[in-house]
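Participant: These protein sequences, in sequence, are chains A and B.
Going by full-length UniProt numbering, the residue at position 19 of the first sequence is 19; the numbering climbs one at a time, nothing skipped.
Going by full-length UniProt numbering, the residue at position 234 of the second sequence is 234; the numbering climbs one at a time, nothing skipped.
Treat the hints as calculated values from the structure; they're not laboratory data.
From the three backbone atoms N, C-alpha and C, an ideal C-beta is built for every residue, glycine too.
Among the hints, a few may not be true.
Stated by the list, open to error - Stretches of chain B that chain A covers, calculated by requiring three or more beta carbons in the stretch to come under 8 Å of a beta carbon on chain A:
#1 33 to 39
#2 53 to 62
#3 119 to 130
Stated by the list, open to error - Under the rule of at most 20 Å between Cα atoms (straight-line distance), these lysine to aspartate or glutamate pairs were calculated in the EDC-like manner:
#4 B:K209 - B:E177
#5 B:K124 - A:D32
#6 A:K216 - B:E177
#7 B:K108 - B:E141
#8 B:K39 - B:D233
#9 B:K108 - B:D182
#10 B:K124 - A:D218
#11 A:K103 - B:E141
#12 A:K167 - A:D32
#13 B:K174 - A:D32
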Amino acid sequence: MIAMTEAAAKQNNRWEPYVDNGGTSLAIAGEDFCIIASDTRQSEGYSINTRYDSKLHRDSFNFRTEKISLATTGYSADAKNKHDKEMHSHSIAQMISIIQYQKRFFPYYVFPILGGLDQEGKGCVYSYDPVGNMERVGFQVYGSASGLIQPFLDSQVGFKNQQNVDKTRLLSKQEAYDIAIDSFTGATERDIYTGDFLEVYIIDKDGIKKEVRQLKFD
Amino acid sequence: MNSTEILNLKNQDVTENGTYKHTLQPIVTGTSVLGLKYKDGIMLAADCIASYGSLARFRNVQRLHPVGKATILAGSGDMSDFQHVQNLLEGVMLQEHCFDDEQEIGTKSIYKILSNVMYSRRTKVDPLWNKFIVAGIENGESFLGYVDLYGTTYQSPVIATGFGSHIAIPILRKYAEPRASDLTEAEASEILDNCMRVLYYRDARSFNKIQKAKVTSAGIEITEPYSLSTNWDFAESIRGYGA
Chain A
1 MIAMTEAAAK QNNRWEPYVD NGGTSLAIAG EDFCIIASDT RQSEGYSINT
51 RYDSKLHRDS FNFRTEKISL ATTGYSADAK NKHDKEMHSH SIAQMISIIQ
101 YQKRFFPYYV FPILGGLDQE GKGCVYSYDP VGNMERVGFQ VYGSASGLIQ
151 PFLDSQVGFK NQQNVDKTRL LSKQEAYDIA IDSFTGATER DIYTGDFLEV
201 YIIDKDGIKK EVRQLKFD
Chain B
1 MNSTEILNLK NQDVTENGTY KHTLQPIVTG TSVLGLKYKD GIMLAADCIA
51 SYGSLARFRN VQRLHPVGKA TILAGSGDMS DFQHVQNLLE GVMLQEHCFD
101 DEQEIGTKSI YKILSNVMYS RRTKVDPLWN KFIVAGIENG ESFLGYVDLY
151 GTTYQSPVIA TGFGSHIAIP ILRKYAEPRA SDLTEAEASE ILDNCMRVLY
201 YRDARSFNKI QKAKVTSAGI EITEPYSLST NWDFAESIRG YGA
């Protein structure tokens with residue numbers, strides 16, 4: 001019996017508990033706003049499961065490869081602690097990291113991005129790996145089209161690898177919004193796991209605005 | 001058997017080196033199930049066969065299972081796991097019935113319970129080897145959802161599991177999805193029959209004895225098993241391996 005189980009282990013004969021359902025999520029922080037966007041396609045292999053499965057949760061969201069839901073809320077008043085105060089985005093950011101690290105040895109296979117406004121009202125984006133490493137960044141994209149979009153953002157949002165540009169310049173709301181949209185229309189053309197609809201959240205001092213746009217259905 | 005013997009009894013699922021034996025493959029299996037939304041509610045279809053590998057082992061199995069008054073659970077994959085889930089949900093429904101408060105668990109709650117069970121079993125790396133469709137009406141709103149052995153869930157106006165996701169989905173997306181809100185019962189029924197017929201022509205684990213079920217505001221209705229008409233005349237002209 002031992003020989004059998006060892007043989008089975010050698011062949012890596014164990015059932016694989018993770019699946020990749022594709023999809024792409026993106027966030028850009030600005031001076032006093034934050035834009036978060038994600039497509040709504042859910043796939044398995046070459047099949048599209050559904051054209052509308054939201055990956056954004058309130059003003060926070062996660063790209064997922066397995067079904068989990070992070071009960072995280074940043075700017076909105078949904079996540080209140082027992083003192084009935086709104087949770088600050090940095091508290092939620094830390095909470096996500098802890099939730100993830102709790103499952104360090106059987107991780108949630110997700111790449112969360114948290115977007116919102118910090119205590120000073122500045123736009124903030126937190127990005128994570130599956131085991132809870134966390135970093136506050138200016139912009140981030142995760143998911144099946146991250147390889148296509150991240151270099152685009154590096155250039156157009158981060159002004160990387162360019163001379164004679166003001167690298168400290170922050171984008172206006174309209175600029176950031178246009179770049180987010182363009183990122184997805186571009187990615188939809190080349191990535192089969194990205195498409196159908198695009199959900200965009202625009203967070204500023206007035207609150208959260210949600211928008212749903214159409215992407216290509218093919 | 002006395003109590004000491006019972007205490008010393010070895011767990012049959014534990015191997016000599018202390019690892020656990022889990023399901024590594026389904027044994028007696030059901031093939032595709034289909035579901036679509038139409039004008040009056042939801043309609044589902046499944047065939048009546050449970051296969052043992054390539055053997056057509058049980059040819060009169062019901063794979064559309066009513067749960068409460070307005071929900072149907074359609075199951076594909078391992079049939080023993082499916083029956084386990086049926087028992088589990090019956091237990092939940094009975095427990096709630098015992099409150100005697102005229103309340104019944106709705107479709108969305110049943111779906112939530114089932115998806116939590118499926119996800120917790122996958123997290124134990126001991127999955128229930130199924131792909132389910134949950135369909136029903138709750139508060140006048142129709143619901144059609146999918147959950148599988150990974151705990152993956154989604155909702156869509158048309159859903160098919162297994163081979164059906166390759167063969168029936170393109171047909172359903174063309175004829176049912178764009179007209180989901182004004183599709184009549186007769187049209188929905190015909191679309192599903194056609195899908196099941198195409199599946200019977202191409203899926204070697206399928207059967208032409210099928211059942212359909214619908215959930216409308218009037219409640220659940222599951223048809224008796226009936227046979228689909230087929231036409232194999234084209235086989236006459238096939239030479240060699242066909243194509």
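Participant: State for each hint whether it applies.
Facilitator: Hint by hint, here is what the structure shows:
no.: 1; hint: 33 to 39; in the structure: violated (count 0)
no.: 2; hint: 53 to 62; in the structure: violated (count 0)
no.: 3; hint: 119 to 130; in the structure: holds (count 5)
no.: 4; hint: B:K209 - B:E177; in the structure: 25 Å, violated
no.: 5; hint: B:K124 - A:D32; in the structure: 44 Å, violated
no.: 6; hint: A:K216 - B:E177; in the structure: 17 Å, holds
no.: 7; hint: B:K108 - B:E141; in the structure: 10 Å, holds
no.: 8; hint: B:K39 - B:D233; in the structure: 36 Å, violated
no.: 9; hint: B:K108 - B:D182; in the structure: 23 Å, violated
no.: 10; hint: B:K124 - A:D218; in the structure: 36 Å, violated
no.: 11; hint: A:K103 - B:E141; in the structure: 37 Å, violated
no.: 12; hint: A:K167 - A:D32; in the structure: 18 Å, holds
no.: 13; hint: B:K174 - A:D32; in the structure: 45 Å, violated
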